[in-house]
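Here the protein sequences line up with chains A and B, keeping their order. Here the working numbering is used: position 80 in the first sequence is 80, and no number is missing along the way. Here the working numbering is used: position 409 in the second sequence is 409, and no number is missing along the way.
Hints are not guaranteed to be accurate.
Said to hold, decoys possible - Straight-line distance between alpha carbons at most 25 Å, and here's what the computed BS3-like set of lysine-lysine pairs gives: (1) Lys19/A with Lys125/B; (2) Lys18/A with Lys71/A; (3) Lys125/B with Lys18/A; (4) Lys71/A with Lys19/A.
Hint data in this document are derived by calculation from the structure and do not stem from the laboratory.
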Amino acid sequence: MTTEMTQVTVEELATLMKKAAGVTVDPHDLERRVDTPFAEFGLDSLGLLGIVGELENRHGRALPTDAERCKSPRQFLDLVNGAFTTGA
Amino acid sequence: MSGQRTRHTAITGIGVVAPNGLRTDTYWKSVKEGLNVLDRITREGCGHLPLRVAGEVRGFDPSALIEDTFLVQTDRFTHFALAAADAALEDAGLSGIAADAPYSVGVVTAAGSGGGEFGQRELQKLWGQGARFVGPYQSIAWFYAASTGQISIRRGFKGPCGVVASDEAGGLDAVAHAARAVRRGTDVVVVGAAEAPLAPYSMVCQLGYPELSTVEDPSCAYRPFTSAACGFVPAEGGAVLVVEDADRAHRRGGVVRATVAGHAATFTGASRWDRSREGLAHAIRAALDEAGCAPEEIDVVFADALGSPEADRAEALALADALGPHGTRVPVTAPKAGIGRSYCGAPLLDIAAAVLAMEHGQIPPTPGVFDVCHEIDLVTSTARPAELRTALVLSRGLMGSNAALVLRRGPGTAA
Chain A
1 MTTEMTQVTV EELATLMKKA AGVTVDPHDL ERRVDTPFAE FGLDSLGLLG IVGELENRHG
61 RALPTDAERC KSPRQFLDLV NGAFTTGA
Chain B
1 MSGQRTRHTA ITGIGVVAPN GLRTDTYWKS VKEGLNVLDR ITREGCGHLP LRVAGEVRGF
61 DPSALIEDTF LVQTDRFTHF ALAAADAALE DAGLSGIAAD APYSVGVVTA AGSGGGEFGQ
121 RELQKLWGQG ARFVGPYQSI AWFYAASTGQ ISIRRGFKGP CGVVASDEAG GLDAVAHAAR
181 AVRRGTDVVV VGAAEAPLAP YSMVCQLGYP ELSTVEDPSC AYRPFTSAAC GFVPAEGGAV
241 LVVEDADRAH RRGGVVRATV AGHAATFTGA SRWDRSREGL AHAIRAALDE AGCAPEEIDV
301 VFADALGSPE ADRAEALALA DALGPHGTRV PVTAPKAGIG RSYCGAPLLD IAAAVLAMEH
361 GQIPPTPGVF DVCHEIDLVT STARPAELRT ALVLSRGLMG SNAALVLRRG PGTAA
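The following block holds chain A by itself, in its conformation from the complex (with noise of 0.2 Å):
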């Protein structure tokens, strides 16, 4: 699987937000909002955790332990994104 893949788009985080916490955002919205934090959205800490899981599920691989600590999009995105392309 190439890092191109492995990237964790908006458009993903979105479907996630819906899937596992009921929270329904438009991913332009998510976009526009990415420094918003997860609790405006309606995603509480469990919502986030959740995501976490499947993600990690989907990937086949641990997420940094921080992840499920971040508090909006962008961070989530970026740690998470960082660490797949690192391989850490």
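Based on these hints, arrange chain B on the given structure of chain A.
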């Protein structure tokens, strides 16, 4: 300021989700008509189990009533509680109360079954796919406390909250707990219980109960107080009440539908129905004492009606023990014979029926029961018109709890 004043607990709102009605008005219509809605269990994955008949809540669409963010993290038993809480608050005219005074509203629920369907789904992932596939909401969804927590979070209530896990009779104990919170100074408590014990895992948990009816014919599976009594039929659903300080209710122009006058609970051991006679009689006496109520004042009894010969006999004798000669004269009814027993939800549904019965002056009949073999005046066939000022609601649990609750008819709008 109000420290010396005795605070009375008023019931000002009722919300019901039951096998015989998804709203309070349809529930009452079915109860009054003595409709028997017990039927073969149709829930997925249950067909091979020896438990065949139950009171299923059908046509309930949680996605039309509850936001996705709450649906993904809750079990069916919490969906019922959330929907019933909404209905009760709307009925009380308090839908917007959290915005005004979040700390003035508490939540109390009772639970005996928990979130079995949600738990089973996640446990199947655990053993089918591995621990990494178990969702984090498993950590909250199937616990007894889930409904209290989710009602308070969703509605923004920040007053005292609690969960009563004291067996089926805990439904009555929860209302008593809420009344104590009101007496201690909380303005409003949302209190209730709803259960969803008809998922495969939850059903298997019940199969060991000797009192469970495994009769396949819905028309004769649950016939309390008859010589054909063959155990009880489980059910889904329950009810939520809004209780509040009666004076506060009057001041805001709320309708006091009934007051919680007295309660007591005892414990006599699992499946020791012979001993439940003494336990139930003691609970009745203590509840009457707290209510300052003479036995003759009781106008109607909503019986526990477990449906096993020994338990029915104990309850009939307990009424005679506690109420004296009035015990064989007072009208007794058991609407749950047509609905089933939704564990902790059952006594809440009986409270709702008792309040509605007092308001309408009608004692609903015991569905499907005609040949009573105990010394009680069981109301059968059709509703009996009567002036009802005081109702006694009884409940027992399979694990040995007994409880009694005395309700007084409310003055309606401000007295």
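Against the structure, the hints:
| no. | hint | verdict |
| --- | --- | --- |
| 1 | Lys19/A with Lys125/B | holds, 16 Å |
| 2 | Lys18/A with Lys71/A | holds, 17 Å |
| 3 | Lys125/B with Lys18/A | holds, 20 Å |
| 4 | Lys71/A with Lys19/A | holds, 19 Å |
Going down the numbered hints, you'll see the structure goes against none, and every one checks out.
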